[in-house]
Amino acid sequence: MSNVPENLIYTAEHEWLDDGTPATVGITANAAEALGDIVYVELPEVGTAVTAGEVFGEVESTKSVSELYSPVTGTVAEVNDSVVDAPETVGSDPYGAGWLVKITVTETGPTLTPAQYTELIGG
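Here the sequence shown stands for residues 3 to 125, where the numbers follow the numbering used here.
Source of the hints: derived by calculation from the structure; they are not laboratory data.
Since this is a predicted model, take the numbers as computed values, not measurements.
Be aware that one or more of the hints could be misleading.
Below, simulated EDC-like cross-link-like pairs (lysine to aspartate or glutamate); rule was C-alpha separation at most 20 Å, straight line [as the list claims (entries may be wrong)]: (1) K65 <-> E90; (2) K65 <-> D21; (3) K65 <-> D39; (4) K65 <-> E44; (5) K65 <-> E8; (6) K65 <-> E35.
The calculated label-pair distances, taken between Cβ atoms and stated as ranges, are [claimed, not checked]: (7) G49 <-> S84: 26 to 36 Å; (8) E109 <-> K65: 17 to 27 Å; (9) T108 <-> G38: 14 to 24 Å; (10) P116 <-> A36: 33 to 43 Å.
Cβ coordinates follow ideal geometry from the N, Cα and C atoms, glycine included.
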């Protein structure tokens, strides 16, 4: 079963975010496991406006391409360039070094608690 940290907020699209300012966003361990070996990550540039529920990038694995959906509305404040250069980090450490972007939040979209996300993924 996937690791679901209790200190994070989740989405039904398998993204996570923290309550930082700006908020850090990544994909869940469940999503990373489902994707398999991640070989490419496309992320927006700093300053890009994102909308909750809308696509803001993509992750490509040896199995498939998966779109990334923003859990919040706001502006990209920081991009984790290291995952662009070493995309496998997203799969090996999705809640740590594999974070994707930091967003200055103006509105949060629909989210799930850790318990709700665990139930969603069949935990």
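To see whether the hints hold, each was checked on the structure:
Simply put, K65 and E90 have alpha-carbon atoms about 14 Å apart, close enough for the 20 Å limit, and the pair holds. This hinted pair does not check out: K65 and D21 have alpha carbons roughly 32 Å apart, beyond 20 Å. Restraint check for K65 and D39: the C-alpha separation of about 8 Å stays at or below 20 Å, so the hint holds. This hinted pair checks out: K65 and E44 have alpha carbons roughly 16 Å apart, not beyond 20 Å.
Distance restraint check for K65 and E8: the Cα-Cα separation of roughly 29 Å exceeds the 20 Å cut-off, and the hinted pair is therefore not satisfied. For the hint linking K65 to E35, the alpha-carbon distance of about 11 Å falls within 20 Å, and the restraint holds. A hinted range of 26 to 36 Å is violated for the C-beta pair G49 and S84, which are about 19 Å apart. Distance hint check: the CB atoms of E109 and K65 are about 33 Å apart, inconsistent with the given range 17 to 27 Å.
The hint said 14 to 24 Å for the Cβ distance between T108 and G38, and at roughly 34 Å that hint is violated. At roughly 18 Å, the beta-carbon separation of P116 and A36 lies outside the given 33 to 43 Å, and the hint is violated.
In the structure shown, a violation is registered for the earlier hints numbered 2, 5, 7, 8, 9, 10, in ascending order.
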